[in-house]
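Below, each chain spelled out in residue letters.
Protein chains: 2
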Amino acid sequence: MTGVLQATQIAVIGLGAMGYGMALSCLHAGHRTWGFDINPDAMSRFRDDGGETGEIPPSVDIVMVVVLNAEQTCDVLFGSYGLVSRLKSGAVVIGCATVAPNFAREMEARCGEAGVLYLDAPISGGAAKAAQGALSIMAAGVPAAFQAADPALKACAETVFELGDCAGPGSAMKAVNQLLAGVHIATMAEALTFGMTQGVAPEQFVEVISRCAGTSWMLENRAPHIVDGDYSPKSQINIWPKDLGIVLDIAKQARFSAPITAAALQQYMVAVGMGLGPEDDAAIAKVYARNAGLDLPERDP
Amino acid sequence: MTGVLQATQIAVIGLGAMGYGMALSCLHAGHRTWGFDINPDAMSRFRDDGGETGEIPPSVDIVMVVVLNAEQTCDVLFGSYGLVSRLKSGAVVIGCATVAPNFAREMEARCGEAGVLYLDAPISGGAAKAAQGALSIMAAGVPAAFQAADPALKACAETVFELGDCAGPGSAMKAVNQLLAGVHIATMAEALTFGMTQGVAPEQFVEVISRCAGTSWMLENRAPHIVDGDYSPKSQINIWPKDLGIVLDIAKQARFSAPITAAALQQYMVAVGMGLGPEDDAAIAKVYARNAGLDLPERDP
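One line per chain: the protein sequences are A and B, in this order.
Note that the working numbering has the first sequence beginning at 19, numbered continuously upward.
Note that the working numbering has the second sequence beginning at 19, numbered continuously upward.
FYI, nobody ran anything at the bench for these hints, they're computed from the structure.
Check the hints yourself; a few may be wrong.
As the list claims (entries may be wrong) - Here are the computed distance ranges between Cβ atoms for each label pair: (1) Glu-225(B) with Ala-152(A): 17 to 25 Å; (2) Asp-248(A) with Gly-311(B): 44 to 52 Å; (3) Gly-291(A) with Glu-180(B): 34 to 42 Å.
What the hints assert, rightly or not - Stretch-level coverage of chain A by chain B, calculated; a stretch enters the list once three of its residues show a Cβ under 8 Å from a Cβ in chain B: (4) 176 to 184; (5) 196 to 204; (6) 213 to 223; (7) 230 to 237; (8) 260 to 272; (9) 280 to 290.
Please read all numbers here as calculations on a predicted model, not as lab measurements.
Just so you know, even glycine gets a beta-carbon here, dropped at the ideal spot from N, CA and C.
Can you build the whole structure from these sequences, using the hints too?
What follows is the structure in structure tokens.
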């Protein structure tokens, strides 16, 4: 057999900030890769980068679904296009959106009815790591699903956490991570602007706090955006009403009170109301700055 | 001159978890060190460790005040004992409690009237680092205060942040750090117990999240206490109603809205109401566990 015949065929549905990088990583790993997005610009860019953008053939081994939420995931897999019904037996769907664990279990069951494997595999790490094939993937599924997904996981991830032998735990851990990440970004903004009212300059905040017990991964990653006045979106404000909303939906079903998450979500809602949704999520600081009459650093021209 | 005559004379007021370690660090650095605490056990322990516990002589060069709050600091310096009035001109008071920046400025002014220098120098790092002489100190004061305080800072600190040339910025940065640290501990507990409702075991939470974007310094330091079921106090729940209360007092004066800090403070208040005040601050998880009917890990017998 030649290398071409052996190559894994992968389809990536959703060529946004994360999906595009993952599709590129699959190409770079030598896999024949189809990309699909409703945005024609993303499609033509992917074609220019060497990807396939024609109809996804029934011969694909792996389908990565890198869309916004559960509704879009369900629509891709079981909507009018009926992707799952076209796949060969033994193919695997890798579900990467942030969804409720129950939804992941439902997708696993419905794929199973069609003879298709399902890996519950939310992703973490941001667009830059997606393009480098260096994501963290929080994965759960039957051993056969892990095995079938392996070429795509190897291409896209630096770290694959194997969290369980059926769908659900991957999405559960992702929700836990998003709770923390979303609260930490908003708390960073609360602390940075609070410091400004006391004469602590934003750059001094980053310099000192990043070396103290008050630091967080998100603080170190996002606070420099505020110091630089750079709100070009690495990760949008819009992510957080969605993801913290998913967390609180799951929490409500579990009768779990999450007051700090709820407080953070409200700050993101204010940000969305201010029209900041498409900006980088560090722009949550603008909510605090407006409330307190503070001037955040401006971007150097 | 002999080494003994050259030795700096230091008094440490408050031999609690932090002060005791700092007094030991001064002794280990070769300074003649007096300790004072209202608890006679701490005094006799310090005497056994080679410290002095008699009346603090007017010849001391440095007084470190390592008490709970502003009220105790003021009482030590200007209360019935009148410590500042007994000090020689050019001695320096190092104020280590977490206090409002305005209070630090007031202490600096009142010490100045008595010819005594004042260093606004809140500490961070916990009891273990205090005993190792490896604290972080967030310091601000006139250059002469830094110079006079230098032997004690060298003995106690791994890192001294020089944040300004008058009192205030040290306490401001400490308040910023405490806002973050207090919120991060409570958010860790919220996320860990939320994960438990979704089948994420506490040890899996620590293993995975500490390698993801949701991590924080406090999560990595405190979550293992919950996994181990070990609530012996490294840092007490009682610290947080005090320190987050100081943050919100300062915020109120600055007309600054801090809703996430406020939500976290309420969770600590519930913990205090449950009688958890003297336990390790990781015990904030017990508030969430009680609310959601979860069983946290028990300590191995």
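Going through the hints against the structure:
no.: 1; hint: Glu-225(B) with Ala-152(A): 17 to 25 Å; verdict: 19 Å, holds
no.: 2; hint: Asp-248(A) with Gly-311(B): 44 to 52 Å; verdict: 45 Å, holds
no.: 3; hint: Gly-291(A) with Glu-180(B): 34 to 42 Å; verdict: 41 Å, holds
no.: 4; hint: 176 to 184; verdict: holds (count 4)
no.: 5; hint: 196 to 204; verdict: holds (count 7)
no.: 6; hint: 213 to 223; verdict: holds (count 7)
no.: 7; hint: 230 to 237; verdict: holds (count 8)
no.: 8; hint: 260 to 272; verdict: holds (count 4)
no.: 9; hint: 280 to 290; verdict: holds (count 5)
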